[in-house]
Structure formats: C-alpha cells, structure tokens
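Build out the structure end to end from the sequences listed, making use of the hints.
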Amino acid sequence: MEDFGGLLADRRRPIVTAEFPSLDGGDLDTVAAALDHYRPYVDAVNITDNPAAHAHASNVSMAIAVKQLGVEPIMQVVCRDKNRLAAQADVVGASMHGVTTFCALTGDDVTAGDEPEARRVFDLDSPQLISVMNGISRGHYLSGRELKHPKELLIGAVENPFAPPPEVRVRRAKMKVDAGARFLQLQIGYEPHALESFMAGVVANGVAERAAILPTVILTKSPGALRFMDGQVPGIHVPAPVIDRIANAEDAAEESYLLVREQVEHALALPGVAGVHITDFRHDDSLRRLVSDLALGPAFAPSAAATA
Amino acid sequence: MLRKLLPVVEHVVKGPVWDCQMCGQCVLHSTGMTCPMTCPKTLRNGPCGGVRPDGKCEVKPEMRCVWVKAHDRAENMPLLPKTWREEITHMRPPVNNELKGDSSWLNLVSGRDRQTPAGWQEG
Chain A
1 MEDFGGLLAD RRRPIVTAEF PSLDGGDLDT VAAALDHYRP YVDAVNITDN PAAHAHASNV
61 SMAIAVKQLG VEPIMQVVCR DKNRLAAQAD VVGASMHGVT TFCALTGDDV TAGDEPEARR
121 VFDLDSPQLI SVMNGISRGH YLSGRELKHP KELLIGAVEN PFAPPPEVRV RRAKMKVDAG
181 ARFLQLQIGY EPHALESFMA GVVANGVAER AAILPTVILT KSPGALRFMD GQVPGIHVPA
241 PVIDRIANAE DAAEESYLLV REQVEHALAL PGVAGVHITD FRHDDSLRRL VSDLALGPAF
301 APSAAATA
Chain B
1001 MLRKLLPVVE HVVKGPVWDC QMCGQCVLHS TGMTCPMTCP KTLRNGPCGG VRPDGKCEVK
1061 PEMRCVWVKA HDRAENMPLL PKTWREEITH MRPPVNNELK GDSSWLNLVS GRDRQTPAGW
1121 QEG
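From first to last, the protein sequence lines are chains A and B. Residues 1 to 308 in the working numbering are what the first sequence lists, from first letter to last. Residues 1001 to 1123 in the working numbering are what the second sequence lists, from first letter to last.
Derived from the structure by calculation, the hints contain no laboratory data. Glycine included, each C-beta is placed from N, C-alpha and C at the ideal position. Careful, some of the hints might be misleading.
[Claimed, not checked] Sample of chain B residues facing chain A (criterion: CB under 8 Å; computed from the structure): (1) 1050; (2) 1085; (3) 1089.
[Claimed, not checked] Which chain A residues stay away from chain B? Per the calculated CB distances, all over 12 Å, these: (4) 58; (5) 120; (6) 122; (7) 128; (8) 140; (9) 165; (10) 167; (11) 175; (12) 200; (13) 209; (14) 225; (15) 292.
[To be verified] In silico EDC-like cross-links for lysine to aspartate or glutamate, where the CA-CA straight-line distance does not exceed 20 Å: (16) B:1056 x A:230; (17) A:82 x B:1062; (18) A:174 x B:1122; (19) A:82 x A:117; (20) B:1056 x B:1075; (21) B:1100 x A:123; (22) B:1056 x A:191; (23) B:1060 x A:90; (24) A:221 x A:196; (25) B:1069 x A:167; (26) A:174 x B:1019; (27) B:1069 x B:1086; (28) B:1060 x A:117; (29) B:1100 x B:1113; (30) B:1060 x B:1019.
Below, the structure is given as structure tokens:
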C-alpha cells in the first residue's frame, strides 16, 4: 500500500478512503473477509466508533486488526462515549499497535441509537479532541505528563458543509485544522451548491491547502435508502427531487449508481478537493465499478498503473 | 462564606436569563451571550454536524441549535464589544469539571477559570 500520509502530503493523485463496516462478532477471519471487499480499491478505511450511537466491536480492536491485515486504518474517535482519560488511552494504546491515523468526531447523540437511555459523555468536543491527539503526537498527555517513545500521528476530522450555518462550517473547518487536523472527511450531502460554496470558503481561507478535503458519497440502490437517511440519520438531508429521481427511474439500482458517479465527478472537479470518501451500502460490485469508471485509487489511477 | 453565597446569587441572576448551568467557568461573552452548556452535547466549540436544515437541534428538534444562535448573536447582537464578537472563532479549552457549581465570578477574579492543563495547546 502507498503511504497514506505521503498521499495526503503530496496529493499526486486523488485519495480514496472508504467506510469499513462495523462488526458484531466473529473473529479475525470475519474482519479479513470484510476487508477483501475494499483492499484493492482504497488508500485507507475508516474504522468507526459506535456509529449512529449503536454499540459494535470497538474501534481500537478493529483498527489493530485492519492494520495487521495490511490496510491503513483511520481510527475514528467520537466524543460521545468516553471521557478524556479513556479517549487518550485508546489513542495511545492503538498507536502501540501501529495505528497512527485518527479521525476525531463529535458523534451522533445517544438518542440516534438503540440505547437512548445511555449517558452521553462529551467530556471533550471534537476540536478539543483533535488538539489532545496533537499533544499525544508531540509526546504528552493533556495533563502534560510525558509519553514514552511517542508515535507521530496523522490526525483528521470531519465537517458537514450541508448543515447550517454555512459560513460557520468554513470557520469550524479552520478551527479543526488550526488544532492539528490534516484531513477533513465531509458529511454525505446531496446539495452540490452547498459543497461548492464550502469548498470556495476553505480554498479562500487556506484550509484546503493545509488539510486534504474528502467529500463523502454513499452507494445505495433504492429510494428507500435515501428516505431512511433523510429521516433517520442526523446531519443528512436528501432533497425530494433526488429521491424522486431514483424512485421514478426504470432501474433504481443503476440510477443510484449513476447519481453517485456524478457526485464523485462533481466533487473531484472542485478546486481544493483532494479525494473522496466512499460508504458502500450496496455490497455488490459498485465500489470496484466506481473507482474503475473514474480511474481512481491504487488499482485504477493512471499514476498507479504507470509506477506498477 | 463568599464561596457559598456567590454561587447562589449567580444562579439567581444568570439562571433565568441564560439558563446558566453553573459550570463555574463562564464563556458567555465569547459565545454571543449564549450558554454552550445548554447544548445537549455541552459543546464548547460548536455547532456539531447534526444541526437540522431549519437550524434546529439534532437532539431536541423543538429547540434552535444553541450554536446557531450563538453565532447569530455574536454577529448581530447590539452593544456587544467587537473583541467579544471575534472571540467566538477562538477555541475554548476543555471544561474543568472541578469548577462545576462554583461561582464563575470568583473564578474570573482569581483567574482559575483560565487555568488549563499543562498539556493543553490550541494548535
């Protein structure tokens, strides 16, 4: 695999990351089997941290497993479930296993999940967590206590250009980059103009140069999936005309694929966009088809073929 | 005596106006006179990505997002000093949970509300 940090730094080709599915049991073979779907086509996979406030196999365990299986994990850490002690312990512990790429998120509220009666933590918020991770990378805990043999960390974050207020999103992206984020994965969105104005903002304030901006797309195959996201997933809005386009299509699955391909083409054409993050809810051949159609990622990028 | 009396007075004054949660390290001036501890996620540097298209809170759909309100007020509220308006873009450090229930006025005077952990850095 090409060095993920190197790709982020020199941007010799668009970066492709993907969302690794959360698992609820099995063993390392289960992880390996799931990873095979992504391995040839992506530069790194996101290891989620109790996504949508549902408990799953832990981010630390999955990140270590994926690292050992030879794929670069981006270990997400959300602020919802753990206080500052636990969050730091997870980052330091994972780094001892070679996990050095992290992504700090606020996290969906507990009310979005299947255990809404849980206590929400939010001891740190996401900009603070980025800064704390940056401190760990520099060799100390938040308390100031020194770490032994600290690993240099590659820290990222997320931002949602599609949630109001738009101008604040650009400023908040800068706050996160000022705190140490070197890449920003964006929320899924279906309003191209919102993405365009966000990108114009982060190009103008220098954020897009200091951090790799990766818009996110999600591969689905039915209007129902879009309706579900619109109604149930915090921070995702799917306008009615987009749902109608899929609902009225002769072949909803094919139309859904074409929509995502258009989204990726649109995003990659925008100044400042460094790559794309892909969530695959289809689990068919669409991920491969997408990176092949658009000549992206380690398997299909022209530069990758030239150096292979 | 003052340490016991002042929190009571502060809560009586700030409770009804700002829904003060007595975090003991008031940052109202830097957040458009909007208390970030009333955010269900108690974010000191919001808004989170869950804000609804109409500007309402992810957790409480009937409530306007505290941070949408904060940014709006920081920009538009009359009589707010310019330095206070600009401070909304500054990163606020993690909450010191030892100060909860204290009078932020006392902690402001003593400077305790501005003490951060030795390893804290903004960038």
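Outcome of the hint check:
Because the beta carbon of residue 1050 of chain B sits about 4 Å from the nearest beta carbon in chain A, less than 8 Å, this interface hint is met. At about 13 Å, the closest approach between the beta carbon of residue 1085 of chain B and any beta carbon in chain A exceeds 8 Å, and the interface hint on this residue is violated. A hinted interface residue such as residue 1089 of chain B counts as satisfied when its beta carbon comes closer than 8 Å to some beta carbon of chain A; here the least separation is about 6 Å, so the hint holds. Non-interface status of residue 58 of chain A relative to chain B is upheld: no Cβ of that chain comes within 12 Å, the nearest being about 21 Å off.
Not every CB of chain B lies more than 12 Å from the CB of residue 120 of chain A, the least distance being 7 Å, so the non-interface label is violated. For residue 122 of chain A, the requirement that its beta carbon stay farther than 12 Å from each beta carbon of chain B is not met, with the minimum near 5 Å. Not every beta carbon of chain B lies more than 12 Å from that of residue 128 of chain A, the smallest distance being close to 5 Å; the non-interface claim is violated. Distance to chain B contradicts residue 140 of chain A as a non-interface residue, since its nearest Cβ pair spans about 5 Å, not more than 12 Å.
Distance check on residue 165 of chain A: its Cβ comes as close as 6 Å (rounded) to a Cβ of chain B, failing to clear the 12 Å threshold; non-interface status is violated. Residue 167 of chain A, annotated as away from the interface, has a beta carbon of chain B within 12 Å; the closest lies near 8 Å. At roughly 6 Å from the closest C-beta of chain B, the C-beta of residue 175 of chain A falls inside 12 Å, breaking its exclusion from the interface. With a least CB separation of 19 Å from chain B, residue 200 of chain A remains clear of the 12 Å interface cut-off, as annotated.
No beta-carbon of chain B is positioned within 12 Å of the beta-carbon of residue 209 of chain A; the least distance is around 16 Å. Taking the minimum C-beta to C-beta distance to chain B, about 19 Å, the non-interface status of residue 225 of chain A holds against the 12 Å cut. Remark: the non-interface label on residue 292 of chain A is consistent with the geometry, its nearest Cβ contact in chain B lying 31 Å away (cut-off 12 Å). Annotation: proposed proximity of residue 1056 of chain B to residue 230 of chain A holds, straight-line Cα distance about 15 Å (limit 20 Å).
This hinted pair does not check out: residue 82 of chain A and residue 1062 of chain B have alpha carbons roughly 27 Å apart, beyond 20 Å. With a CA separation close to 12 Å, the supplied pair residue 174 of chain A and residue 1122 of chain B stays within the 20 Å bound. For a cut-off of 20 Å, the pair hint linking residue 82 of chain A to residue 117 of chain A stands: about 16 Å separates their Cα positions. Using a Cα cut-off of 20 Å, the hinted pair residue 1056 of chain B and residue 1075 of chain B holds, with the two alpha carbons roughly 19 Å apart.
The straight-line distance between the Cα atoms of residue 1100 of chain B and residue 123 of chain A is roughly 13 Å, inside the 20 Å bound, and the hint therefore holds. For the hint linking residue 1056 of chain B to residue 191 of chain A, the alpha-carbon distance of about 19 Å falls within 20 Å, and the restraint holds. A hinted pair counts as satisfied when its Cα atoms are at most 20 Å apart, and residue 1060 of chain B with residue 90 of chain A does not qualify at roughly 30 Å. The hinted pair formed by residue 221 of chain A and residue 196 of chain A fails the criterion: a straight-line CA distance of about 25 Å is larger than 20 Å.
For the given pair, residue 1069 of chain B sits about 14 Å from residue 167 of chain A by alpha-carbon distance, which is consistent with the 20 Å threshold. Proximity of residue 174 of chain A to residue 1019 of chain B is assessed by CA-CA distance (about 30 Å); at most 20 Å being required, the pair is judged violated. This hinted pair checks out: residue 1069 of chain B and residue 1086 of chain B have alpha carbons roughly 15 Å apart, not beyond 20 Å. The straight-line distance between the Cα atoms of residue 1060 of chain B and residue 117 of chain A is roughly 15 Å, inside the 20 Å bound, and the hint therefore holds.
For the hint pairing residue 1100 of chain B with residue 1113 of chain B, the CA-to-CA distance comes to about 11 Å; that is within 20 Å, so the pair holds. Among the hinted pairs, residue 1060 of chain B with residue 1019 of chain B is consistent with the structure: their alpha-carbon atoms are about 16 Å apart, no more than 20 Å.
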